[in-house]
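> Turn these sequences into a full structure, and let the hints steer you where they fit.
Taken in order, the sequence shown gives residues 738 to 847; the numbers are from the numbering used here.
Everything hinted at is true.
Below, simulated DSS-like cross-link-like pairs (lysine-lysine); rule was C-alpha separation at most 25 angstroms, straight line:
1) K815 with K801
2) K801 with K812
3) K787 with K815
4) K787 with K812
Note that these hints are calculated values from the structure, not bench results.
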Amino acid sequence: MYADDMSDIVTVSIACANETEAQSLTGLLVTARLAACVQSHEIRSTYRWKGGIDTANEIMLTAKTLLEKLPMLEKLVKQHHSYDVPEILAVRVAWASADYAAWLRESLEV
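This is the structure we're talking about:
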């Protein structure tokens, strides 16, 4: 079975400095119903910053949410993140099962 309308479902990538920050943001996002689920995994990033090239071990969060939640999600992340410019990238989901889409909406009280 397919979900009828998934055009508003998004995944959001948020890179965190460490596990403590990742766990804190995860708890805040799920508790505030800004994300139905947040997954985390270790990554290594190489990037340009202030005229140089840096490499860092980070924790990448992948949050499942809806487009309408993004402004509040962004605000919460910026308030609690240690980076001057935190990574907050949203990608629309092309497909989700009807059951998963319904669970996501229910979890977010939509």
